[in-house]
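Participant: Quick note, the sequences are listed as chains A and B, same order.
Residue 122 in numbering that gives the first Met the number 0 sits at position 123 of the first sequence, with consecutive numbering throughout.
Residue 18 in numbering that gives the first Met the number 0 sits at position 19 of the second sequence, with consecutive numbering throughout.
No wet-lab data here; the hints were simulated from the structure.
There could be a bad hint or two in this list.
What the hints assert, rightly or not - Listed below are the simulated BS3-like cross-link pairs for lysine-lysine, each with C-alpha atoms no more than 27 Å apart in a straight line:
1. A:K184 with A:K124
2. B:K112 with B:K40
3. A:K124 with B:K40
4. B:K30 with B:K40
5. B:K40 with A:K34
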Amino acid sequence: MLNYIWFGLMAIALIVAIFTGNAGALTKASVDSAKTAVEISLGLAGIMTLWLGIMRVAEQAGLVAMLSRILRPISRLLFPEVPPDHPAIGAMVMSVSANMLGLNNAATPLGIKAMEELQTLNPDKETASNPMVTFMVLNTAGVQFIPTTIIGVLAAAGAQAPTAIIPTTLVATLCGAVAAVTTAKLLQRFFPERRSDVERRRPDGWTAAGPAATVDQPIGDPPVSAQRPTQDDANEVGP
Amino acid sequence: MIREILQAVSLWAIPVLLVGIPLVGLVRGVKVYDVFIEGAKEGFGVAIRIIPFLVGILVAIGMFRASGAMDLLTNALRPLMSRTIFPPELFPLAVLRTLSGSGSLALTTDIIKRYGADSMLSRMAATLYGSSETLFYVLAVYFGAIGVKKTRHAIPSALVGDLVAAIAAAAVCIWMFK
Numbered sequence: 000m001l002n003y004i005w006f007g008l009m010a011i012a013l014i015v016a017i018f019t020g021n022a023g024a025l026t027k028a029s030v031d032s033a034k035t036a037v038e039i040s041l042g043l044a045g046i047m048t049l050w051l052g053i054m055r056v057a058e059q060a061g062l063v064a065m066l067s068r069i070l071r072p073i074s075r076l077l078f079p080e081v082p083p084d085h086p087a088i089g090a091m092v093m094s095v096s097a098n099m100l101g102l103n104n105a106a107t108p109l110g111i112k113a114m115e116e117l118q119t120l121n122p123d124k125e126t127a128s129n130p131m132v133t134f135m136v137l138n139t140a141g142v143q144f145i146p147t148t149i150i151g152v153l154a155a156a157g158a159q160a161p162t163a164i165i166p167t168t169l170v171a172t173l174c175g176a177v178a179a180v181t182t183a184k185l186l187q188r189f190f191p192e193r194r195s196d197v198e199r200r201r202p203d204g205w206t207a208a209g210p211a212a213t214v215d216q217p218i219g220d221p222p223v224s225a226q227r228p229t230q231d232d233a234n235e236v237g238p
Numbered sequence: 000m001i002r003e004i005l006q007a008v009s010l011w012a013i014p015v016l017l018v019g020i021p022l023v024g025l026v027r028g029v030k031v032y033d034v035f036i037e038g039a040k041e042g043f044g045v046a047i048r049i050i051p052f053l054v055g056i057l058v059a060i061g062m063f064r065a066s067g068a069m070d071l072l073t074n075a076l077r078p079l080m081s082r083t084i085f086p087p088e089l090f091p092l093a094v095l096r097t098l099s100g101s102g103s104l105a106l107t108t109d110i111i112k113r114y115g116a117d118s119m120l121s122r123m124a125a126t127l128y129g130s131s132e133t134l135f136y137v138l139a140v141y142f143g144a145i146g147v148k149k150t151r152h153a154i155p156s157a158l159v160g161d162l163v164a165a166i167a168a169a170a171v172c173i174w175m176f177k
């Protein structure tokens with residue numbers, strides 16, 4: 000799906016630009032966006048390092064396991080595929096809690112940690128598992144108690160009651176979250192979890208980054224993709 | 000009252016967690032600094048791993064926005080939107096919210112300045128902005144970090160959530176502020 004959306008966005012941009020003569024703007028946007036993307040990623044490196052370290056301490060101290068035990072009823076409902084004692088549950092709970100409190104700096108690293116834990120349970124490392132999708136969808140729904148950023152904008156613009164939007168936002172975001180998770184649960188059976196064996200014979204931009212550490216590696220992997228390093232090969236980054 | 004408590008929590012949570020978690024670790028006999036370093040080692044690698052995914056997504060979205068395709072889409076759908084309670088002025092924001100965090104924040108700020116900070120439209124826009132996260136950013140970061148390329152039903156499900164959140168934002172604002 001990303002293949003089509005990704006290509007579609009750029010193709011539409013080019014077609015529109017042909018009619019408006021906006022080619023210069025497209026070039027500038029591509030250069031600027033690429034730069035922004037790297038800046039965002041590198042900006043994440045610091046807080047990522049900090050929170051992954053703290054998270055490991057929380058794990059060793061038994062805090063993550065404790066949190067998972069407390070929230071077992073909810074996690075069993077949302078993520079029936081994940082064993083209730085698995086560290087993924089603790090990481091997901093911590094990430095969602097951080098999101099709700101508006102602690103975005105902590106929420107993203109914890110969410111990535113949760114994804115890494117879910118990946119250990121995933122039979123096909125290139126395809127999202129059901130709990131991964133449910134968790135991602137819960138994150139895009141962005142449930143939070145105080146939308147601090149936008150309250151700040153309203154206050155700066157001279158609003159009489161900038162906090163009037165707190166209850167409306169909470170209702171809207173909860174509706175969105177329930178709808179998103181319900182849709183994910185309903186749709187998951189129509190999207191098979193293991194498709195990579197078929198897909199890998201047809202290499203393209205998003206699927207051909209090399210074989211993942213799956214048990215059933217196809218023998219006739221195309222040489223192009225075999226030469227490329229895998230995405231999850233940490234050595235690629237260097238010491 | 001509840002708001003004050005929540006604000007205090009979001010102010011104090013990080014420093015308290017940064018001290019509190021190692022404290023519990025120490026009490027339980029964990030070599031906190033050693034364990035911290037061991038976990039923290041992975042951080043830089045994860046950030047680097049996200050780069051290709053984020054560059055891909057952000058460049059496509061950046062080109063789409065720069066081309067003016069968004070305005071065409073808005074104009075095309077305007078007659079359809081005018082039949083619903085959803086104000087057509089907010090339609091570009093609803094679309095942009097899923098694509099770009101900074102872009103939708105700029106657009107919301109623009110709406111608030113243009114229509115007045117206490118107007119119905121501004122409150123709807125603010126509610127809409129606050130009610131969801133940027134879908135494609137979250138997608139690129141979370142799946143990029145673990146190298147997942149086939150996202151299955153993630154995008155359609157998240158889009159349904161965003162759509163419901165946008166409609167709910169308009170409806171709840173009409174109900175509360177009229």
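Participant: Confirm or reject each hint.
Facilitator: Quick rundown of the hints versus the structure:
1. Restraint check for K184 of chain A and K124 of chain A: the C-alpha separation of about 21 Å stays at or below 27 Å, so the hint holds.
2. As the CA atoms of K112 of chain B and K40 of chain B are separated by approximately 45 Å, the hinted pair breaks the 27 Å bound.
3. Restraint check for K124 of chain A and K40 of chain B: the C-alpha separation of about 22 Å stays at or below 27 Å, so the hint holds.
4. Taking the CA atoms of K30 of chain B and K40 of chain B, the gap is about 16 Å. The hint holds against a cut of 27 Å.
5. Using a Cα cut-off of 27 Å, the hinted pair K40 of chain B and K34 of chain A holds, with the two alpha carbons roughly 25 Å apart.
Checked against the numbered hints above, the structure breaks only hint 2 and satisfies the rest.
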